[in-house]
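Chains A and B are the protein sequences, given in the same order. First residue of the first sequence: 458, per the working numbering; consecutive thereafter. First residue of the second sequence: 458, per the working numbering; consecutive thereafter.
Each hint can be trusted.
In this list, chains with the same sequence are indistinguishable; a pair is considered to hold if it fits within one copy or across any two.
In silico PhoX-like cross-links for lysine-lysine, where the CA-CA straight-line distance does not exceed 25 Å:
hint, residue 1, residue 2
1, Lys481, Lys513
2, Lys514, Lys485
3, Lys514, Lys481
4, Lys481, Lys471
5, Lys499, Lys485
6, Lys471, Lys499
7, Lys471, Lys485
8, Lys513, Lys485
9, Lys537, Lys513
10, Lys513, Lys559
11, Lys559, Lys625
12, Lys499, Lys513
13, Lys559, Lys481
14, Lys591, Lys513
Hints were generated in silico from the structure; no laboratory data involved. Keep in mind that this is a model prediction, so the values were computed, not measured.
There are 2 protein chains.
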Amino acid sequence: MARYSPSIQNLIAKLGSLPGIGGKSAQKLAFHILDMSDEDTKSLLDAISEARNLTKKCSVCYNFTDSNPCPICSDPQRDKSVLLVVESPKDVATFERMHEYKGLYHVLHGVFDPIKSRSLEDTTIAQLIDRLGKHPEIKEVIVATNQTAEGNATALFLSRMLKPSGIKVSRIASGLPMGSDIEYADDLTLASALKGRITLTDEA
Amino acid sequence: MARYSPSIQNLIAKLGSLPGIGGKSAQKLAFHILDMSDEDTKSLLDAISEARNLTKKCSVCYNFTDSNPCPICSDPQRDKSVLLVVESPKDVATFERMHEYKGLYHVLHGVFDPIKSRSLEDTTIAQLIDRLGKHPEIKEVIVATNQTAEGNATALFLSRMLKPSGIKVSRIASGLPMGSDIEYADDLTLASALKGRITLTDEA
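All chains should be modelled from the sequences, with the hints used to inform the complete structure.
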């Protein structure tokens with residue numbers, strides 16, 4: 458019986474249900490929030506409401522955006538022949554941070570996950586098929602779902618589904634992170650790095 | 458140029474300003490919040506507002522509470538001769554979780570911190586002195602501020618201030634955590650543990 462009042466208990470529980478926030482952090486956050494100025498509290502609450510109100514999904518790639526189509530889809534500089542398929546909007550931001558990829562995106566908003574009983578209908582896969590049918594200029598689909606069982610199952614499903622269309626379907630490589638030690642790699646990563654080995658040539 | 462819309466950028470910044478939430482977690486949280494149902498969002502926002510509206514400071518011990526005096530101060534079972542002085546309300550919860558301490562509390566809401574230019578007036582030290590004057594049944598004050606320079610300075614200040622009153626002022630022990638390895642202890646902790654050594658007797 459930690460003697461918190463019900464409203465504080467409730468706040469701690471709500472904060473603790475957010476991803477990556479454990480019991481101790483939820484407690485710390487709750488007391489911080491109780492100690493904040495009214496002004497700071499208002500600006501936090503407003504930021505949440507405003508982001509939710511203004512943010513829509515791009516009707517082309519389903520990334521979060523406040524203009525439709527999103528800045529990436531409407532950028533004439535982007536290579537319209539390649540589509541990078543990712544699980545979530547934050548993956549788009551991660552690839553954009555890299556400044557290497559110049560093509561377009563498609564955000565699935567989930568993956569095939571039998572345990573959480575999420576089926577493919579919960580994702581934007583149907584919209585992806587539709588988009589590919591309407592845009593014959595798309596020649597390659599790079600599947601960049603996470604390197605998890607669900608991410609791989611979704612990738613496999615996509616490659617089979619798109620096979621008849623003749624569109625090239627590729628999967629981002631899995632292997633050892635750059636700068637990492639073989640000693641600390643797990644078995645699955647090591648096996649995957651071995652299987653995906655590339656031939657070294659003198660010219661490379 | 459991570460291509461987030463301004464409202465998402467703002468949400469990430471606000472979340473990232475909370476304690477213990479770094480850039481990556483702020484991003485993860487922001488996208489989670491954008492993906493939440495309207496109902497879940499409302500219940501999170503309500504939890505924040507409600508906790509802030511209902512929570513007051515106990516007029517006796519200054520702990521957060523929604524009834525005044527707080528449940529601890531109004532509990533007839535508690536030992537009214539001892540006062541445990543802590544920095545913040547969450548420290549009260551930590552001591553209560555232990556189920557060992559049966560006395561009362563006093564929450565300072567801060568410590569003497571010259572760097573952040575917090576003086577003793579920002580704390581409830583004046584209220585503590587006042588409380589001790591009004592309640593001669595209090596025989597001991599245990600200072601349980603954090604083992605930091607500021608926490609120690611505050612403890613020292615209190616012990617000097619209360620010396621004329623004849624009230625016993627003690628400080629919780631610092632030393633090696635139970636179950637910890639000497640190998641990993643820092644020098645200050647080790648020095649403190651050595652200085653605070655206790656004589657072992659056969660009866661113990």
